[in-house]
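Full structure from sequences and hints, please.
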Amino acid sequence: DQQVKQNSPSLSVQEGRISILNCDYTNSMFDYFLWYKKYPAEGPTFLISISSIKDKNEDGRFTVFLNKSAKHLSLHIVPSQPGDSAVYFCAASVNSGYALNFGKGTSLLVTP
Amino acid sequence: DSGVTQTPKHLITATGQRVTLRCSPRSGDLSVYWYQQSLDQGLQFLIQYYNGEERAKGNILERFSAQQFPDLHSELNLSSLELGDSALYFCASSARDYRAGGRGNYGYTFGSGTRLTVV
Chain A
1 DQQVKQNSPS LSVQEGRISI LNCDYTNSMF DYFLWYKKYP AEGPTFLISI SSIKDKNEDG
61 RFTVFLNKSA KHLSLHIVPS QPGDSAVYFC AASVNSGYAL NFGKGTSLLV TP
Chain B
1001 DSGVTQTPKH LITATGQRVT LRCSPRSGDL SVYWYQQSLD QGLQFLIQYY NGEERAKGNI
1061 LERFSAQQFP DLHSELNLSS LELGDSALYF CASSARDYRA GGRGNYGYTF GSGTRLTVV
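Protein chains in written order, with our numbering: chain A, 1 to 112; chain B, 1001 to 1119.
A few of these clues could be false.
[Said to hold, decoys possible] Have a look at the derived ranges for each label pair, beta carbon to beta carbon:
id	chain 1	residue 1	chain 2	residue 2	range
1	A	P82	B	N1059	23 to 29 Å
2	B	N1059	A	Y39	24 to 30 Å
3	A	N7	B	N1059	19 to 25 Å
4	A	T26	B	P1070	23 to 29 Å
5	A	S74	B	S1027	32 to 38 Å
6	A	E42	B	R1018	26 to 32 Å
[As the list claims (entries may be wrong)] Covered stretches of chain B, going by a simulated chain A footprint (3 or more residues, C-beta under 8 Å):
id	stretch
7	1038–1051
8	1069–1075
It should be emphasised that the hints constitute simulated quantities derived from the structure, not laboratory data. Virtual Cβ for every residue (Gly too), placed ideally from N, Cα, C.
Okay, here's the thing in structure tokens:
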């Protein structure tokens, strides 16, 4: 049962524009959410996180928004750069606990 | 280099066989997590060890087992392999056992994975 869903397998955005990656979850017990970025032949690397007590967290070009009532979070990348082209995974956990529940990922392509 | 070392990088084996995947965590990290990424699937949590003890289990098959040794490296043993076991297997480490993700000492750091192909 997939508790974290990324319904868009791929996204293509022009350099300089905004990239918006979406994620939905079903488990209302999740209280910590993260985004990971993955390049081919590498492991996922942590990008940004947000706890359920917040609705927004910003780190440079990356902003994560959390809408708890809709069980939805999104990652905004502004401005998008070609080096941002990668697979982005949304993940969630309960009580900042042991295991992360991952979505299937969204492949982002930023074109010059 | 993330500091988490996984060997081998690639493994091809036949159905019914047994393999061992190895993970050396980042220096100072006590927790090791194993994840499986099958084709078109997200990363599925398998199992976690903290300082040699099993801490949490996810969707790990009975044919799979793991352990963490006194030097903190971990091994994931996969036996009676089936075609469906073909996947990327990731190991991650963190300094503590109760935090997931995040920055600094609380972060998960992933290795680059072992690609297992069962033929």
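Problem - Those earlier numbered hints the structure runs against, lowest number first - result: Result: hints 1, 4 and 8 break, sorted rising.
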